[in-house]
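Undergrad: The chain contents come next:
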Amino acid sequence: MATAFTTTARAAERIAHAETSRLGVGLALTSIGMLFTGLTSAYVVRQALDPAWRATPMPKILLINTAVLLASSVTLEKARRALGGIAAGSRFEWLAATMALGIAFVGGQFMAWRQLTSGGIYLSTNPHSSFFYLLTGLHGLHLLGGILALGYLCLRASRDYSFVAAVPRVDPVRAIGATALYWHFMGGLWVYLLVLLFVRG
Amino acid sequence: MAEQALVHEPAKGFIRKYVFSTDHKVIGIQYYVLALFSVLLGMVLSIFMRLRLAWPMEKWPLLQQVFPTGFVGGPMTPEFYLSMMTMHGTIMVFFVLTTAPLSGFGNYFLPIQIGARDMAFPVLNMLSFWVTLVSLLVMVAALFVTGGAPIAGWTSYAPLSALGEVAGPGLGLGQTLWIISIAIFCVASLLTALNFLTTTLNLRARGMSLLRMPLTVWAWFTTAMLALLAFPVLLAGGILLMLDRVGGTSFFIPGGLVVSDRLISAHTGGSPLLWQHLFWFFGHPEVYIAILPGMGITSHVLSTFSRKPIFAYKAMVLAIFAIGFISYLVWGHHMFMSGMSPYSSMAFSITTLAVGVPSAIKTFNWLATLRGGRIRLTASMLFALGFVSLFVSGGVTGMLLAQPVIDIPLHDTYFVVAHFHIIMGVAAVFGIFAGTYYWFPKMFGRMLNERLGKIHFWFTIAGVYAIFMPMHFLGIAGAPRRYAQLTEFEFLTPLQALQVFISVAAFITIAAQLIFLFNFIWSLRRGKRAGANPWASTSLEWTVPSPPPHDNFGAVEPVVFHGPYEYSVPNAPEDYVMQSEPVREING
Amino acid sequence: MALLLGLFFWLVAIVTVGIFVARVWWLPDLASMEGALIDRQLTMTLIIAGVVFFLAQIGLGYFIWRYRARGTERATYWHESPKLEAAWTIATAVIFIGLGVRGNVVWANYFMSGTPPDAVTIEITAQQFAWNVRYPGPDGKFGRTNPALIDDALANYLGLDPKDTAGRDDIVTQNIMVVPIMRPVRLMLRSKDVTHSFFVPQFRLKQDAVPGMAIQVHFTATKAGEYEIACAELCGMQHYKMRGRLMAMPQPEYEDWLKKRAAL
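Protein chains in written order, with my numbering: chain A, 1071 to 1271; chain B, 54 to 641; chain C, 486 to 749.
With the rest of the complex left out, here is chain A:
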């Protein structure tokens, strides 16, 4: 039983737990990567088979969104540095900034959808638009998961000003590390999707 352990055992466990969460996130990303790999192969095959394939013109706002998402990765790194010193106290502004940028990105993606639909391009208009809505939608959904994680961290950090005490079981550095892994992957995935959809055509 937990109480039977010595303090050293406890300390060892805590690190192990956080380490484990990073591995878990890594594996989750592997399977998310497989999901998008499957969709990519569908995209490539579908495009190769269709003589009438035509790419939808890119909504310009996507470039701004991309910049926003990439910026959020930078702010998240800042947050990680800020919380690197455990005594960092109330330094959670960077976390909040990351979250705000993430929300802005999702909002921006939604605007891009609105732009397309007002131009008469819907999910079923042509295969390219089908893939556009599907891929951006799935990516956005996964990003929302990241935003939730950031929100949780923000809440914990802001409530007690002392991250460590608030969540005794979650090492803040490792927790942000795992979240950052996920977040950066989503950033990279977005750039990949942008290239797939609009550079490749």
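If you are wondering where the hints come from, they were derived from the structure by calculation, not from laboratory data.
These figures come from a predicted structure and were not determined experimentally.
Derived Cβ-Cβ restraints for the label pairs, each shown as a range: (1) C/710 x A/1121: 38 to 46 Å; (2) A/1124 x C/626: 27 to 35 Å; (3) B/504 x C/528: 44 to 52 Å.
We treat Cβ as the ideally placed atom computed from N, Cα and C, and that holds for glycine.
Given chain A's structure and the hints, the job is docking chains B and C onto it.
TA: Quick look at chains B and C alone, frame taken from chain A:
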């Protein structure tokens, strides 16, 4: 080396302890019970199939009262048959063969066998069980909706599955629920897989190096890797299929279709083969997801009851890995007749035959394990030996089906039905039974009745051979699968006697499973009390009481000194040396 | 018990192999040229698979009996034998890959040899639950089709466009197919709705008909007679009775039949 999960306090209260439990042992049992329910349901569905196949025009007044739409005018309707067939396949593959050996036994025994106190993510673990249950409920709901369950088979080939009600009964709401259920199942399996992988990598006890893990753990670990990479692709396919059905997209639906005299004008340019590629990219690894844990259990049990080290442990590990890896390169062998490029067929043919090599190695090693042993024929051992026999019987026919040129006459005939039922269905079930007779004492603290177990074995082994061997003959003679009856063609009518024989054999075999069910329930209460190690086994789960305490090992941290199959070590005091026993040089 | 189980596995091996050897149930009588090579490869593989199956079951049965627990002696402490392992790894690899290569040679002969120039071309368009058969007529050209014109009530199953002159002499039948013997036939397989599979067991011929694709296969019938066309890909409710009749006849009779149909 040893990294332990944060130990949670034992849960208090019935709900937290047995319903929303985060204890891997409770979750393992929950999965097992879910699979038990599913297998019973799946067998009932197969009874309906066998009724129709053996006596297609027979009237069943009693059944007609229960299912008025399924037995219009007395005989079973063909669409009812097809929906039974679809649901039988789906439920057996997903909710039995994926759930029992991996999520059931794996959840219960993977942590204990590596000396961990729980899974790496206990809450996630609980979540994956409940998500699986939701998936099962959605699937079962498809049986009760208007229009009935889907009729497109467990492979749900597009565009049949994509067009909706216009293509046939059950393809409306029933098919939609099928896709939703499968998508939910994918998510649950991913959660399970990443939990298994993290646990195996991070939570092994001190001394439990990778090459000291029991072969069961290696099998679960590899299976989890397969699941992690295969289920996302099925999910991708499912999403695309759903969008084709409800979103008006054309991923799988080509243009210019005329279905039931109606022009389908909303779609254009989709590719039916794309669905097949996505499905089988998942589908073939799925076959190994079903069978690999059975291989692990069989290795474990054979070694235990031969009282011999497993022969060529490292080769066994390598073979599991090789099978897992190659299983990603063979999916095209399901598509030799699909219109895929004949060049691809040639490549897939070679990779498929290559997967036979590690499979054969495993068989040889099992036989070599028996050689020179002191074989004790417990019920568990009987089923493990049955597994080996079935694995051979189902495996050798793979040599035929792997060749596209032989696949021309045999593709989609009963020969294929015989092949995959023996190797993926029945062999895997034998693995589950071997595991059940072996681990029941550990899980519930009481022994299963051995005599009933042996009777159960004899009925089952004789039964499955009587059911599935004749299907090879049907297939050779050209009988196509998925026919609601085989009497509409002249060349098939001489085969009807075989169908009747198979049905009778199936009914007896299914009835014999009640012996197991009775034994299971009776032994829960009345079975002989089991000690910590009733089989004189060596792996870590046998070092703790039966059933194990909440955190498995109490306050003691288990330490492992050597590999898992040290039986009949010369000069050792007993004929087995447990993994946790610090002894002098053994391997030296 | 050990004796019983050993004997049981022997029994399974002997009965199964016995039935195959006696050919109680076997492939339908061959009626095509291409099928001969398929049958040979199948029989050869079946023999190899049968030998492996037989030896493995017999060995398993024997070991169970021979090494049953008796006396107090301990089992052999035997971990591995690299030589033995290498031997059977190499042996199985050679057999399996060898089979694969041989099978591929037959496959390549069948699928990658172009259809001979004197081949008759016939188009098959599958639908739920019938086979539409079309002959190009004397001009050798198939007329244009348009799915919008399909009307089963008017027996325009293929949506033949009356404006296209090439289509005027096209012969369309449903569920009846006539082919000449000893002359290659090129099939163009299409589907109107879902995936079907064109299966004539006696010809060792099976090929999916996929909507949106036109797939070519060829065969040469060798025996005159009537055969059945079965569907081998689940296509819906009446999949089990999607039956076509195929008549193979000598070239002159075949031509007579074509003329008679054209006159209709």
